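S.K.: Top line first, the protein sequences correspond to chains A and P.
Take the first sequence: its position 539, counting from 1, is numbered 538 in numbering that gives the first Met the number 0, and each next residue is one higher.
Take the second sequence: its position 370, counting from 1, is numbered 369 in numbering that gives the first Met the number 0, and each next residue is one higher.
Hints were generated in silico from the structure; no laboratory data involved.
Quick caveat: nothing in here was measured; it's all calculated off a predicted structure.
One or more of the hints may lead you astray.
The list makes no distinction among identical chains, and a pair is therefore deemed to hold if it is satisfied within one copy or across any two copies.
In the DMTMM-like style, the derived pairs of lysine to aspartate or glutamate whose C-alpha atoms are separated by at most 20 Å in a straight line are [said to hold, decoys possible]:
#: 1; residue 1: 95; residue 2: 57
#: 2; residue 1: 246; residue 2: 370
#: 3; residue 1: 133; residue 2: 204
#: 4; residue 1: 93; residue 2: 57
#: 5; residue 1: 133; residue 2: 472
#: 6; residue 1: 522; residue 2: 277
#: 7; residue 1: 421; residue 2: 392
2 protein chains.
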Amino acid sequence: MSIEKHGTKSIDLSHHLSELSKARTISPLKGVMKYFAQPGILSLAGGLPSPAYFPVSDISANVLVPESFALSPTEPSTSLSWLWKLFGSHDATKEKTQAVTIPKYPVVTGEINLATSLQYGQAIGMAQLQDFLKQFISEVYRPAFEDWAVLIDTGNTDGGYDTVQPWRGCVLCEEWTYPSAVASMVPFNIKPVPVAMDGLGMKSDDLENLLSQWDPVSRQMPRPHVMYIVPVGQNPSGSTMSVARKKQIYDICVKYDVIIVEDDPYYFLQLGTYTSKDDRFPGATPSGKPMSPSFFTLFHLTIRFSFDYQGRVIRLDTFSKTIAPGSRLGWFTCNPAFAERLERQGETSTQAPCGFGQAVVTKILMHWTYDGYIRWLRGLRTEYQQRRDFFIDCLAEEFHLHAVPAVAGVWEGCTVYQASSKVKKSTSMTEKYSARDRTMFSFVPPVAGMFVWMKLHLDQHPSFAPGDEDTLETKLWTKLAENGVLFGPGWIFAANAIAEDSHNNDSGHFRVSFSNAEFADLKKAVTIFGQIIREFFQEEDL
Amino acid sequence: MSIEKHGTKSIDLSHHLSELSKARTISPLKGVMKYFAQPGILSLAGGLPSPAYFPVSDISANVLVPESFALSPTEPSTSLSWLWKLFGSHDATKEKTQAVTIPKYPVVTGEINLATSLQYGQAIGMAQLQDFLKQFISEVYRPAFEDWAVLIDTGNTDGGYDTVQPWRGCVLCEEWTYPSAVASMVPFNIKPVPVAMDGLGMKSDDLENLLSQWDPVSRQMPRPHVMYIVPVGQNPSGSTMSVARKKQIYDICVKYDVIIVEDDPYYFLQLGTYTSKDDRFPGATPSGKPMSPSFFTLFHLTIRFSFDYQGRVIRLDTFSKTIAPGSRLGWFTCNPAFAERLERQGETSTQAPCGFGQAVVTKILMHWTYDGYIRWLRGLRTEYQQRRDFFIDCLAEEFHLHAVPAVAGVWEGCTVYQASSKVKKSTSMTEKYSARDRTMFSFVPPVAGMFVWMKLHLDQHPSFAPGDEDTLETKLWTKLAENGVLFGPGWIFAANAIAEDSHNNDSGHFRVSFSNAEFADLKKAVTIFGQIIREFFQEEDL
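Just chain A, same shape as in the assembly:
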């Protein structure tokens, strides 16, 4: 796979825009605002309050150092360590920080300041943040077409909402997908069209078949011309596309003229393959493949943008997973014509992302510098890798895990862990049947993201009858919740669940997040889950 820079410009894809999107005119007030930049101009045009009336003189923050998290589990953390988390400590005073201050008026030219950032601003975002992101995109993603544009938005959910509006008819998506994306399509009468997945995400042969055999009459709509996809650490399944798969999907999209909306919040949480605790210890080497020194070169190879020589990908990035969800800050990278339409949409809705958030996040990034932010991302990645490993270790302690290769279905090509009950040393009176040989659930350890996607083998339940899947899934979910543990119920992630109020799969699922809980709580949750699911599979009647 070459990563050569094609050096071409994006192609004209304006025929994809809906009437709704084309109808967006430039916000007239914003048209006037461009004159504001003239040095020395006396502007009495805008309804702008004087910054003297902004009730803050300055804002300061104690910012974690970029090296806060170790690059490998053996290295001691600068601030929070694995052990601290295990014992439930979340003492912010242990964090190693440096102070930054944002003054009301700039002391140095180009400095982030409140007089500007708390004023009305451009929908494309603050200039300093634009500049930072241009460098970041150039160096990390290396887009394959020249005239790419970056546009700041208020996070990937709003970004997805904005990128869905310009279309019409239907949108291709993975068979399991992010529910808020579907929820935002439906009111605009845009139907999700699910494509089958395997262990590497959306299947290219199924996509090709779907598009080549599309019958507008029986489908009652023309062939879809937009795809919404989460290619890395897919939500909810956790699957991650290989380079080869991405290339196949991209080429099919070129062939059938499909726009790709690439929602990629977990891109920097690529964790490597899971290795069992026994194989990791002693020596405490990191799980999975050793980290390559060319970490981001590897990333370059896996990123779709290297393929996108036509500018048909609208990439959504977010700071939600790398800074904080509450920043409500992300960005589009796409061809300039689409960026212009998205800017028009932003002007008449959110106007611009919050100035407090933009100022603080940009100040942090500029304080860290580009290299510091890369270091921060690498540390985060290791943290999530440890979380993933710890959580699966807990499952391995609670259940008997049997690793088998999957030859078909959503996990085709992956190693699947089948979970059954461990033989108990002391037999409980309430456990009437041994669940020793019964697979209660299975999963593939994710190589990216925040989630373990569990398939519940409800057909192994003593009182199972076909059609009971939803009832049993909900029954188990509720029992867990009543015992103090919340998992993500699987049915909400089915691409057609919201649109047609039906589920597209015949087994139960849970999406379990290892991203947030203290390690001790992850352990406790798995223990409770073990108790509940064993009881559940030993029931004779519903």
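Starting from the known structure of chain A, fit chain P onto it as the hints suggest.
M.R.: Coordinates of chain P only, in the frame set by chain A:
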């Protein structure tokens, strides 16, 4: 006018909702999030990063004291004084401030903290901000129906965008209106229907005639069932509705079952009537009516909510004019059924306002307390009053102003100031004709808001021919811009300008803002404007 609390619940107005709005389902992930509130629950359901990964340990701000601005011009300001502004000082170090800190983890129960505010949150906004606003609305607006709901949004532009989407067909608005509101309607194929204005805003008799004589056949659409209105310090005209006019408009809306979207960013910038400098000095008494000690009781009387016993008003408030535009923070107050639909819309788009912004703004409000915020608003009001007075004083120094009562048109019932050239002591060689007796422009000093709305008497131009208005307005605007002064061009504020690409008025207009520039710059801008407009009206040819 009584302000009795009717104590009734809002009526069912759900028949107004469009298919688009009705089609919004609850975001499935949010449905799960409600369980998060259970004490001690172990949640592995959401894709939430650990707060340990938020790269800030705390955020501090130096917050201006609520008494920063004097209540009357004679009282010395605590921080920035009128004189400092006159001499162009904007030194933040002169501000009297108090430090507040937002820790990552709460030290006191209920304390604003980053672990919560930078996490994914509810679309309705932070609990502490909700609580503050409930008190604020109860005490300041005293809604006349019991079951009102408050919902935080990302500012009035997004709020207007959200409140427009649920409708269909057309929306009643003032003949001059906020352009971004119209720009957000048009792509959804919603037509603005302008209603004539006078000096008190939208005319009730014209509204009654329009609705009673509505012919769906010739109009090609059913009678409008939604009104978008800016009743105080109207943008751009500056007009402010009287209590009686509001009552008339409200009653007509009840009669014809019309929902009122009340966009009220300038509510707290009610400035009283302008009194000329000569009448104000000596003694430096404040311009206009003396401030009543029952300042907010007066506000109670003028607010539409006191009338709204049915819950048909969706009120939009914003912090843009009272804290900072960059906060991108505002709120809806409306009946619970509409609030629920707006919440669904928020969940799948912006999700929640920015956590940095919400945390800092809420921290400021809680630090100030309710009484402190009221004091801050009263000080701001005086500041804008002084700005309005100073700007009109500058016009009075530069032009001969002749006050006449308007008996018809958009200023009916108001005192109009007609501006002509002052006799020059030394006649300039370039000024070939005296503009002494020629009214070049006219205006009504606004009693609220940020703007002076100037009507350009282009028919007094030597080379005027009917139909030239737009050309002449643009010519003068461009000449001003080339000489370093930007005014708001009038044509962009015409309600049908965007929809039909034509202008609805036969004279030129400028919207001039006195809200932002330093006083010295306001003075300089008026001097340049005087020079340019005199030259312009002395031209023989275009």
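S.K.: Against this structure, judge whether each hint is valid.
M.R.: Each hint, compared with the structure:
no.	hint	result
1	95 x 57	between (22 Å within a copy, 12 Å between copies)
2	246 x 370	neither (29 Å within a copy, 62 Å between copies)
3	133 x 204	neither (35 Å within a copy, 56 Å between copies)
4	93 x 57	between (25 Å within a copy, 13 Å between copies)
5	133 x 472	neither (46 Å within a copy, 40 Å between copies)
6	522 x 277	within (18 Å within a copy, 78 Å between copies)
7	421 x 392	within (14 Å within a copy, 87 Å between copies)
Of the numbered hints given earlier, the model fails hints 2, 3 and 5; all others are met.
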